[in-house]
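Protein sequence lines correspond, in order, to chains A and B. Using the working numbering, you'd call the opening residue of the first sequence number 690 and step up by one each time. Using the working numbering, you'd call the opening residue of the second sequence number 1341 and step up by one each time.
It should be emphasised that the hints constitute simulated quantities derived from the structure, not laboratory data. Watch out, some of these pointers could steer you wrong.
What the hints assert, rightly or not - A few chain A residues that face chain B, going by a derived Cβ cut-off under 7 Å, partial list only: (1) 721; (2) 729; (3) 731; (4) 778; (5) 782; (6) 789; (7) 793; (8) 796.
Said to hold, decoys possible - With a straight-line Cα cutoff of 20 Å, these simulated SDA-like cross-link-like pairs (lysine to any residue) come out: (9) 1380(B) / 699(A); (10) 1381(B) / 728(A); (11) 731(A) / 1426(B); (12) 1380(B) / 717(A).
As the list claims (entries may be wrong) - The calculated label-pair distances, taken between Cβ atoms and stated as ranges, are: (13) 1379(B) / 703(A): 22 to 32 Å; (14) 1424(B) / 747(A): 37 to 47 Å; (15) 720(A) / 1391(B): 18 to 28 Å; (16) 749(A) / 1366(B): 24 to 34 Å; (17) 703(A) / 1370(B): 38 to 48 Å; (18) 692(A) / 1437(B): 17 to 27 Å; (19) 1438(B) / 717(A): 14 to 24 Å; (20) 1392(B) / 749(A): 27 to 37 Å.
Cβ atoms here follow ideal geometry from the backbone N, Cα and C, with glycine treated the same way.
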Amino acid sequence: QQQVKQSPQSLIVQKGGIPIINCAYENTAFDYFPWYQQFPGKGPALLIAIRPDVSEKKEGRFTISFNKSAKQFSLHIMDSQPGDSATYFCAASRSGGSNYKLTFGKGTLLTVNP
Amino acid sequence: DTEVTQTPKHLVMGMTNKKSLKCEQHMGHRAMYWYKQKAKKPPELMFVYSYEKLSINESVPSRFSPECPNSSLLNLHLHALQPEDSALYLCASSQADQETQYFGPGTRLLVL
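Please work from the sequences and hints to get the whole structure.
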């Protein structure tokens, strides 16, 4: 059972475009939602994370939008650059006994063309 | 400093070999993790250590044996692996009471 559904699987945009990656979750106990960026052959790097008590969070060119009622959250990359080309994973976890377990989406391969 | 280091970067081993992967962090984190990642897939959790004690084993085959000698070090001992175990093995760490996990660069393992 996939608890975090991520779309699209791949995405191609032109430099300066605003790619949007969407995730939906099923478990209402989730209360922490990070996004990771992974370049080929490297480990995932934490980009930005959000909790359900806020609807939006910005860090530099990266913005998370969160819709608690719809159980959805999305990553927006403003003024995208070729260097942003990577695989992006959304994830979710919950506090308490299983707070160590991140449930990942399947990933989105983003290509930003020059 | 949010660095998690892993050695070696690459490892090739035969199915009868014994090898070990090493992970180190100096952020004072008390939770450490091993993940396995196949190509074009998300990381899959294998083990979690909390305060140097194994707290989660995700039904990993016994040919993978984790060890946490101290709060900064995490090892993964490998024995009698199968070709399908070839993958990127990732280590991560976090504060024990916080969800934010920081990943290392991984060890690319090839089992022949």
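Going down the list of hints, with the structure as the test:
At its closest, the beta carbon of residue 721(A) sits 4 Å from a beta carbon of chain B; the interface hint therefore holds under the 7 Å criterion. Taking 7 Å as the C-beta contact cut-off toward chain B, the hint placing residue 729(A) at the interface is violated, the least distance being around 10 Å. Against a cut-off of 7 Å between C-beta atoms, the interface hint on residue 731(A) holds, since the closest Cβ of chain B lies about 6 Å away. Hint status for residue 778(A) relative to chain B: holds, with the closest Cβ pair at about 5 Å, below 7 Å.
Given hint, residue 782(A) at the interface with chain B, holds; its Cβ is 5 Å from that chain's nearest Cβ, closer than 7 Å. With its C-beta approaching chain B no nearer than about 5 Å, residue 789(A) sits inside the 7 Å limit, and its interface hint holds. About 4 Å separates the beta-carbon of residue 793(A) from the nearest beta-carbon of chain B, less than 7 Å, and the hint is met. A least Cβ separation of about 6 Å between residue 796(A) and chain B falls short of the 7 Å threshold, and the interface hint therefore holds.
Note on residue 1380(B) and residue 699(A): the hinted pairing holds, with a Cα-Cα distance of about 11 Å set against a maximum of 20 Å. Restraint check: the Cα-Cα separation between residue 1381(B) and residue 728(A) comes to about 13 Å, which is no more than 20 Å; the hinted pair holds. Distance restraint check for residue 731(A) and residue 1426(B): the Cα-Cα separation of roughly 16 Å lies within the 20 Å cut-off, and the hinted pair is therefore satisfied. Restraint check for residue 1380(B) and residue 717(A): the C-alpha separation of about 27 Å exceeds 20 Å, so the hint is violated.
At about 27 Å, the beta-carbon gap between residue 1379(B) and residue 703(A) stays in the expected band of 22 to 32 Å. A hinted range of 37 to 47 Å for the beta carbons of residue 1424(B) and residue 747(A) is consistent with their spacing of about 42 Å. The hint said 18 to 28 Å for the Cβ distance between residue 720(A) and residue 1391(B), and at roughly 23 Å that hint holds. Taking 24 to 34 Å as the suggested C-beta distance range, the pair residue 749(A) and residue 1366(B) conforms, at roughly 26 Å.
Checked against the hint of 38 to 48 Å, the C-beta distance between residue 703(A) and residue 1370(B) comes to roughly 45 Å, which is consistent with it. Evaluation of the 17 to 27 Å hint for residue 692(A) and residue 1437(B) yields a pass: the beta carbon distance comes to about 23 Å. Separation of residue 1438(B) from residue 717(A) is about 21 Å and conforms to the stated range, judged on CB atoms against 14 to 24 Å. Checking the proposed 27 to 37 Å range against residue 1392(B) and residue 749(A) shows it holds: the Cβ atoms sit about 36 Å from each other.
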